[in-house]
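Student: Start from the sequences, fold in the hints, and give me the full structure.
So the protein sequences, as listed, match chains A and B.
Take the first sequence: its letters are residues 566 to 1228, numbered as in our numbering.
Take the second sequence: its letters are residues 566 to 1228, numbered as in our numbering.
Do not take every clue at face value.
Heads up, the list lumps identical chains together, so a pair's fine if it works in one copy or across two of them.
[Said to hold, decoys possible] Computed cross-link-like contacts, DSS-like style, restricted to lysine-lysine with a CA-CA straight-line distance of at most 25 Å: (1) Lys779 x Lys1173; (2) Lys914 x Lys1169; (3) Lys810 x Lys634; (4) Lys617 x Lys1035; (5) Lys1148 x Lys779; (6) Lys878 x Lys892; (7) Lys880 x Lys946; (8) Lys643 x Lys617; (9) Lys1173 x Lys938; (10) Lys854 x Lys938; (11) Lys1169 x Lys1148; (12) Lys617 x Lys779; (13) Lys1035 x Lys1169; (14) Lys667 x Lys1173; (15) Lys892 x Lys938; (16) Lys1177 x Lys1225; (17) Lys617 x Lys1148; (18) Lys878 x Lys643; (19) Lys664 x Lys1173.
Note that these hints are calculated values from the structure, not bench results.
Quantities reported herein were computed from a predicted structural model and do not represent experimental measurements.
Protein chains: 2
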Amino acid sequence: MGINSNRVENFSGPACLKTTTGTVVTIPLDMAMPPLQVHKVALPQPRTTVQKLRHRLSEIFFPDDPLHKFKNQTWYRKLVLGLQFFFPIFQWAPNYSFKLLKSDVISGLTIASLAIPQGISYAKLANLPPIVGLYSSFIPPLIYSVLGSSKHLAVGPVSIASLVMGTMLSESVSYSEEPILYLQLALTATFFAGLFQASLGFLRLGFSIDFLSKATLVGFMAGAAVIVALQQLKGLFGIVHFTNKMQLIPVLSSVFHHRDEWSWQTIVMGVSFLVLLLTTRQISIRKPKLFWVSAAAPLASVILSTILIVCLKSKVHGIQTIGHLPKGLNPPSLNMLYFHGPHLALSMKTGIVTGILSLTEGIAVGRTFATLKNYQVDGNKEMMAIGLMNMAGSCSSCYVTTGSFSRSAVNYNAGAQTVVSNIIMATAVLVTLLFLMPLFYYTPSFILAAIIITAVIGLIDYWAAIRLWKVDKLDFLACMCSFLGVLFISVPLGLAIAIGVSIFKILLHITRPNTAVLGNIPSTQIYQNLNRYREAVRVPSFLILSVEAPIYFANSTYIQERILRWIREEEEWIETNNRNSIKCVILDMTAVTAIDTSGIDTIKELRKLLEKRSLKFVLANPVGSVMEKLHQSNILESFGLEGLYLTVGEAVADISSLWKAQP
Amino acid sequence: MGINSNRVENFSGPACLKTTTGTVVTIPLDMAMPPLQVHKVALPQPRTTVQKLRHRLSEIFFPDDPLHKFKNQTWYRKLVLGLQFFFPIFQWAPNYSFKLLKSDVISGLTIASLAIPQGISYAKLANLPPIVGLYSSFIPPLIYSVLGSSKHLAVGPVSIASLVMGTMLSESVSYSEEPILYLQLALTATFFAGLFQASLGFLRLGFSIDFLSKATLVGFMAGAAVIVALQQLKGLFGIVHFTNKMQLIPVLSSVFHHRDEWSWQTIVMGVSFLVLLLTTRQISIRKPKLFWVSAAAPLASVILSTILIVCLKSKVHGIQTIGHLPKGLNPPSLNMLYFHGPHLALSMKTGIVTGILSLTEGIAVGRTFATLKNYQVDGNKEMMAIGLMNMAGSCSSCYVTTGSFSRSAVNYNAGAQTVVSNIIMATAVLVTLLFLMPLFYYTPSFILAAIIITAVIGLIDYWAAIRLWKVDKLDFLACMCSFLGVLFISVPLGLAIAIGVSIFKILLHITRPNTAVLGNIPSTQIYQNLNRYREAVRVPSFLILSVEAPIYFANSTYIQERILRWIREEEEWIETNNRNSIKCVILDMTAVTAIDTSGIDTIKELRKLLEKRSLKFVLANPVGSVMEKLHQSNILESFGLEGLYLTVGEAVADISSLWKAQP
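Tutor: See below:
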């Protein structure tokens, strides 16, 4: 069937059509067109309150229908599927091969070379002993490899969560004066973070992290990265006295008020290594195949700088080094958890904030790589895995861990096939913990600062911010709010403001929805916005309006006033242009996706008001849930059958034919 | 043109059609049908950021285009219109006639007979001296008659605002121990209420009161009415010691813990008058023509009970009466306003809460009667009028006033034509203040209690609550939250909880929107929900989905997962039913009224995912703002022209014809 052919409809056999030029075209039935016969607007199938509640709850908590695999299976199969559901290791372990292992060993060793220096650095960022960073790179990856469903997530400490934990705890407790209490609080916060994450997953409330929009996160990460990078000037410049605060102004003033403490040897070496690391990072960004350059650079720098310090130690003084690290595996730390006393609220709050942030990062990273390799990651299950991992971590001297974006990207690029790469990484950390700790004695602090700066600079995403500005000004505003909030106020408040702006945006869209006058596109049944489609023309005697939002208490007054204003403006236009006056107002309800009792009252009132002006008022295409509410509120009786149409086209055709019949 | 006739489309002249039965029907062009020619989806007209911002701001702040009357007018006319705009009295005063005056005098005297006893009672409800209630029925109506645009609003103290003011202030300051401070705070709160109301109007933020949904208000009013009615048992039972608190439990325990103070004479007389008042109220409800029965009843009861007490005063003792009231007009009270010191925050808070509540009542009442008589009330202007009235009131010994629902209804039924009825009422109050005050000396307290109970019982709207339950369970939940919150927690917290529930409801609708599979209604171009329309049939090889909400950060993950689940379920259905497999997924975007950057990413990702499964993914009918965002984010380039269609019907027709052309 060709383009531009003429068609007919409502035939009992293939249609044949004689055009004005005399040719007869036969048209297959499935392309036929609507008759003037008016279609009834159907009510959705009647459901009881319990059924509706059940449907609603299942959409809220089980939108992905997680149990669909279990349907119509034998008991044995259900058991196997259940085991695989809770322990994804059973899914891939039976088919694990030597070839997969080879890839996983390579990628596991690669991320280990990144994880060891980063672990030490991030622990310092959280004001914790460096060894805790290594402990946190050992137990959690092992637990995740049993419970996690992402194949590419590289688990361990991450910069944002470390930073936030460091900030929030050190506002109340000094890590230098009360190191034991500080460590206790950090472990307790980790426990609460894990408990919170696991509960979110278990209660299937995973969607709550969706309220941290990408725009908010872009701003938050950039703000945190700026603060962290500036704070690292402490290590890079060799400053001894430094603020505990995390806002821009105290940090900057700390840097410049202690100029007497700046050590030029530290600065020269630190900046050189920083330039080296940033260069390797740029190389890997430009040529993704050379990912191993930036992956190997931190460990290489650590080794190089340590050798340098060992060689120079007799000549150069005053360079801070890591110093003694205890050999041996994670000590148990259940007795360190702190469930009473004055700081309990603080550690709960810190746990919840770091829990949310690390969860957001972990889930986002997992989803990103799952999409790239076309497999599914169940958000709620991942939350439970990450949560249990942190709860177990808090009992074995680990602080908050999650899937790190930078290391997962390296893992992916190095060819990781399964979570076994995490096991390999943990083994490498194990070897380090058992045998290599003395080697870090002379590792200088500036190299850790340089590693952190290189890592966090990647979190500043100018392009995303520019894109936000281009596409959505209010998203950009949310982004800037969280950026500036983190820089100048505080991490939790900055986040809260940004979430507030995001929700305000939703409410604004609802409070002031678009309304438009529709016109007919000639020789079609299509009715479109007159402002947008130049070919659309007004239908004489009709005013066709569309409302592009649910009608709620928050906008019902606005919609009523706006519709009356449209009518007034249309009448003025008609007067100046000498056209037929309006006789009927059609409200296209296609985009009115919900209605509440205030909205129903608005519809009723509009009908009354327009009736008084002897204008007919009809609704076109109310969606299922709206139709149900209209029915329940008995408003349909007042509209009757003549007041509801399935499409605007049918409404126009039917009402005009009525007018022709009864002039 | 008859029903069921056959039609053709895309002709250059009137179409003629030969049906299978041989008859030829001529069809006018405007009823013609769409050709297979595919319509392009238009971009909205390009606008700069400033233009968009201007449009957005004018929709937010000036949706009613308040200056439209001023367009194309001479300077003199503009001046006159401006005066009329700010002082509506200039609109009706020139045409005021003796006939209108007659109606207004009758209605003014009727509401005065209601306003005097109610004024005294409501002042007691706010723990203020009774005379303040009369002062508040004198100055504010006069100011409103100059500034207000409603013709039927009867201005004066109202029960809800009085109750809330009494509750909030007496939680911190005892009205019996520090009456002067209490009065100062009440007047200051009135000033802040007025300032807040006038600012809302001036800044055109009137829409903010829309966030108090009807459901919330129904619950709030009922809760407040229950508390107030129970509190009046103090007067009705003659109890002397009573709690200052406003929660259900302390009030009830106060009533029953002081049984020794119950005075049987007071109870007998009080309950008799209460029954009388309730009976007259029922009569007026059943027969609206007899509105004067309930309108006159309070004053009649006051007179009757006062005479009764005067006659019985030698025989019955211990009945509380109003006592001495000072004669004379409102004393100035500018010096009583309290702008410093420890209670400033309290009076600001009280002012804002009472301001919002009285504004909501005043605007709702004004709009109701304006709708009945088919004239417009400008919300923002009304707010300024009510606000200025309260600010002026606070300087002349008046407390918070607004348009009262009960008195306005009486005013309307008594035939009020303009705000002159308010002037008449004020004059009647003036006469009372100057000459009749001594007559109230023996007026018993129980009659005030009975009047208040009768008035607030009307605020309990069972039927509205039942209707909420029937139509919208979540609205009912908001209603119950505010009801129980007010009863058991506190007035501001109850309101806050209810507003929270209402906003949560909006967010829930956005977070978990409806998605549906559409099917074609045979021999039409209509595509509708398969579940709702039994006549709709699946289109082979297509999966047509519609999403009924804007795609935002808060739902983008859900929508992506839900769409993938629809595809999975459809594929399972196809497998079990041996049908053609899906080759194309069409997303009907008609009801996607907005999109943000997260939403755009979701669309991109879906396209990638479906391409990997070799499924075509196209969008149908994106609305203007969505189209604009898609364009700005360069996503349209990846879709190209073949990925966007104006209607689902055109998408199906075009893609199937492509498949036929390239099998």
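Student: Can you list which hints this structure breaks, lowest number first?
Tutor: 2, 3, 5, 7, 8, 14, 15, 17, 18, 19
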